[in-house]
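Chains as they are written, first to last, in my numbering: chain Y, 1 to 255; chain V, 1 to 255; chain X, 1 to 255.
You may find that some hints are simply not true.
No distinction is drawn between identical chains; accordingly, a pair holds when it is met within one copy or between any pair of copies.
As the list claims (entries may be wrong) - Lysine-lysine pairs mimicking DSSO-like chemistry, simulated, CA-CA at most 30 Å apart:
{"id": "1", "residue 1": "LYS112", "residue 2": "LYS184"}
{"id": "2", "residue 1": "LYS157", "residue 2": "LYS108"}
{"id": "3", "residue 1": "LYS196", "residue 2": "LYS112"}
{"id": "4", "residue 1": "LYS248", "residue 2": "LYS112"}
{"id": "5", "residue 1": "LYS112", "residue 2": "LYS244"}
{"id": "6", "residue 1": "LYS108", "residue 2": "LYS244"}
{"id": "7", "residue 1": "LYS248", "residue 2": "LYS102"}
{"id": "8", "residue 1": "LYS184", "residue 2": "LYS248"}
{"id": "9", "residue 1": "LYS244", "residue 2": "LYS51"}
{"id": "10", "residue 1": "LYS108", "residue 2": "LYS196"}
{"id": "11", "residue 1": "LYS248", "residue 2": "LYS108"}
{"id": "12", "residue 1": "LYS102", "residue 2": "LYS184"}
{"id": "13", "residue 1": "LYS157", "residue 2": "LYS102"}
{"id": "14", "residue 1": "LYS244", "residue 2": "LYS102"}
{"id": "15", "residue 1": "LYS108", "residue 2": "LYS51"}
Derived by calculation from the structure, the hints in this document are not laboratory data.
Listed here are the chains, written in short residue letters.
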Amino acid sequence: MIVTLTTDFGASEYVGAMKGVILSIAPEARVVDITHGIRSFDVRHAAYVVKSVCPYFPSGSIHVVVVDPGVGTARRGVAIETRDYYYVGPDNGVFTFVRNIKRVVELKLEAKSKTFHGRDIFAPVAARLANGEDITSFGEEVEDIVRLPIAEARISKGFVTGEVLCVDVFGNVITNIPQSLLTKANINYGDRIRVKLEGRELEMPFLESYGFASPGELLALVGSEGYLEIAVNQGRASERLSLKGGEKVEICAVC
Amino acid sequence: MIVTLTTDFGASEYVGAMKGVILSIAPEARVVDITHGIRSFDVRHAAYVVKSVCPYFPSGSIHVVVVDPGVGTARRGVAIETRDYYYVGPDNGVFTFVRNIKRVVELKLEAKSKTFHGRDIFAPVAARLANGEDITSFGEEVEDIVRLPIAEARISKGFVTGEVLCVDVFGNVITNIPQSLLTKANINYGDRIRVKLEGRELEMPFLESYGFASPGELLALVGSEGYLEIAVNQGRASERLSLKGGEKVEICAVC
Amino acid sequence: MIVTLTTDFGASEYVGAMKGVILSIAPEARVVDITHGIRSFDVRHAAYVVKSVCPYFPSGSIHVVVVDPGVGTARRGVAIETRDYYYVGPDNGVFTFVRNIKRVVELKLEAKSKTFHGRDIFAPVAARLANGEDITSFGEEVEDIVRLPIAEARISKGFVTGEVLCVDVFGNVITNIPQSLLTKANINYGDRIRVKLEGRELEMPFLESYGFASPGELLALVGSEGYLEIAVNQGRASERLSLKGGEKVEICAVC
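Sequences are here, hints too, so could you generate the full structure?
Dropping the structure here:
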């Protein structure tokens, strides 16, 4: 059984402690690192990883997500059973985009520490799920989970309107605007577009991939998950534009 | 058989070379990264990881530790058999906290290089241990290993006295003061404490977890291994206080 | 079957997506990270990793390399079958040092995205090779691959002449000058050597390992692959000397 890990632990040894716990409880589990490079406490970035990476894993995989600024405080821990996967982690928005939910359980395990539920609660729960234990053995079922309020992208008054979902490790600015909406707004590869962002207006080309822009040039493209992305070829758009997630974006073709 | 890796190799490809060597000798071994994020040459940090993470792994695991500023010089390489685990690495203090030792062997293998014993000596030894080879096939037994001189924490003249064990990747300052000593000194969650550090005196709250302090606020807490830790919520205490390990710490409740 | 990953994805979640794809197609594959710390777009560094790390893996391993500044543009993707391994990645020089080639195939798969062929093309090809599929099922055979132009090191007019192959993660400057050429030029451990680099002349000792120099001291040594390396003990030679790969190097003993 595959257990994936997504955390903001960086290069720290705390990842190793989680792996040790999982392998001690479920020796046959295969622990796979998705990333430990979520920016510290960036719940929004974690939510995007859950949305964009977890679905590539085989059905039955158990996805553990530990981006947990509120560890030890009142925030709940949850385990979620969906049609395809299990998810385990803090109920703080990291599971915003999880769909096809069958059951959610609020985790009621005793933790050895108040500061490391990744090791003391989430890892053991994942391992026991890998061993075939039923999700209801970890606590009471609850009705719903915390989801970040993210309005769907739409076309309005000639503009495609959405928001910055998050910034990836490379500084690419990922929006929630799907390619289909661009097509509807008649924005095509090679066009120049106008982008309104936090009171600024920028112009840039809409291109098929990073390498079609000059190094250092700002561009828009459709990212690997099918959403509009603002990037700098071989550079960091998030720093150039001072963005970090949550900002409103409006786009139109330059007429 | 599980072979864990703890190094200061960072994101480098040298980790990959060790994995290739291990899997070539012991194809069935499961290589698990604990961390490659030990600060360069920080033997003290490595010792703390060995103490605080290795025990979470299943009995029989083989722990390879390569933090080795003296590679190629006269420092010994060792393999250690304990009640629960094997440890392999340089004998420079990284195994300071290893207990229940049954046998220690000084490694006497020929290395292809003078600069990368992780790949040329420690990885092959770990792989051969994983294959069931006896520890004595790698060299002569020796009596003891190098241990860093770390005085035990104690209560003295109304102060709890200890030292900074190390700084973790997040800049949290981990001391060797166990929670039991705080309890004995009548220091409880919610108290304000006075901390003497390198000639400075600081006051901070003693709280249950990071999230009970405001972002940017200095706090003391009991870390995930049960030792007093000085931290900044969502920040780096080590930089705020210019600490890196080894400093003396004295603590009392603010009266 | 072992599938290794070498990328410049750093701590990003994109690595996780590749692993998910591989494990979905080839559930029995063992995915091993060599490194994700190749400097962004540093094809030369990737080529050196392929040369110096891949050969430590068991015969039959499938090596995926994704350092791909031209993704989505006209550069080819290739799969290479050699006597010992398979290699999969962009044909941009990362396979410069691959030898014993039996067949090269230009990859002709449809990609879901234009920006992430690591996930959409290279990972599936590697997984299908792991499943035993023949290399010719992925496209037409082609004659040759792109190789970076790197002149062999030689002795000329009393100087050993070579070039900087690349800079590793620690800032060590790795040249293409083999130890045998140094021996031929009568340069021995303990000698002081003169190094001409980009119009500058430097003197430094030629020592057996980093630890024989003082911390912060510049030295030359034979690196773990048998090539001359310029380093700073516990420091970064590449920054001290402003080198990044490709520079010409000339060396002689100080008389």
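Right, here's what the structure says about each hint:
1. Taking the shortest Cα distances, LYS112 and LYS184 sit within 30 Å of each other only across copies (20 Å), while inside one copy they are farther apart (54 Å).
2. For the homomeric pair LYS157 and LYS108, neither the shortest alpha-carbon distance inside one copy (49 Å) nor that between copies (42 Å) is at most 30 Å.
3. Taking identical chains as interchangeable, the C-alpha atoms of LYS196 and LYS112 lie at most 30 Å apart only when they sit on different chains, with a minimum of 28 Å there against 49 Å within one chain.
4. Proximity of LYS248 and LYS112 under a CA criterion of 30 Å is satisfied inter-copy only: 27 Å between copies versus 42 Å inside one chain copy.
5. For the homomeric pair LYS112 and LYS244, the shortest alpha-carbon distance between copies (27 Å) is at most 30 Å, but the shortest distance inside one copy (34 Å) is not.
6. Within a single copy, LYS108 and LYS244 get their C-alpha atoms no closer than 34 Å, and across copies no closer than 37 Å, so neither meets the 30 Å cut-off.
7. Neither within a single protomer nor between protomers do LYS248 and LYS102 lie at most 30 Å apart by alpha-carbon distance, with minima of 33 Å and 53 Å respectively.
8. Taking the shortest Cα distances, LYS184 and LYS248 sit within 30 Å of each other inside one copy (20 Å), while across copies they are farther apart (54 Å).
9. Taking the shortest alpha-carbon separations for LYS244 and LYS51, only the intra-copy value of 18 Å comes in at or below 30 Å, while the best inter-copy value is 37 Å.
10. Taking identical chains as interchangeable, the C-alpha atoms of LYS108 and LYS196 are never at most 30 Å apart, the minima being 46 Å within one chain and 38 Å between chains.
11. Taking identical chains as interchangeable, the C-alpha atoms of LYS248 and LYS108 are never at most 30 Å apart, the minima being 38 Å within one chain and 39 Å between chains.
12. Neither within a single protomer nor between protomers do LYS102 and LYS184 lie at most 30 Å apart by alpha-carbon distance, with minima of 34 Å and 48 Å respectively.
13. Proximity of LYS157 and LYS102 under a CA criterion of 30 Å is satisfied in neither setting, with 39 Å inside one chain copy and 59 Å between copies.
14. In this homomeric assembly, LYS244 and LYS102 never come within 30 Å of each other (Cα to Cα): the closest approach is 33 Å inside a single copy and 48 Å across copies.
15. Taking the shortest Cα distances, LYS108 and LYS51 sit within 30 Å of each other both inside one copy (26 Å) and across copies (28 Å).
The structure fails hints 2, 6, 7, 10, 11, 12, 13 and 14 (numbered hints given earlier, in ascending order).
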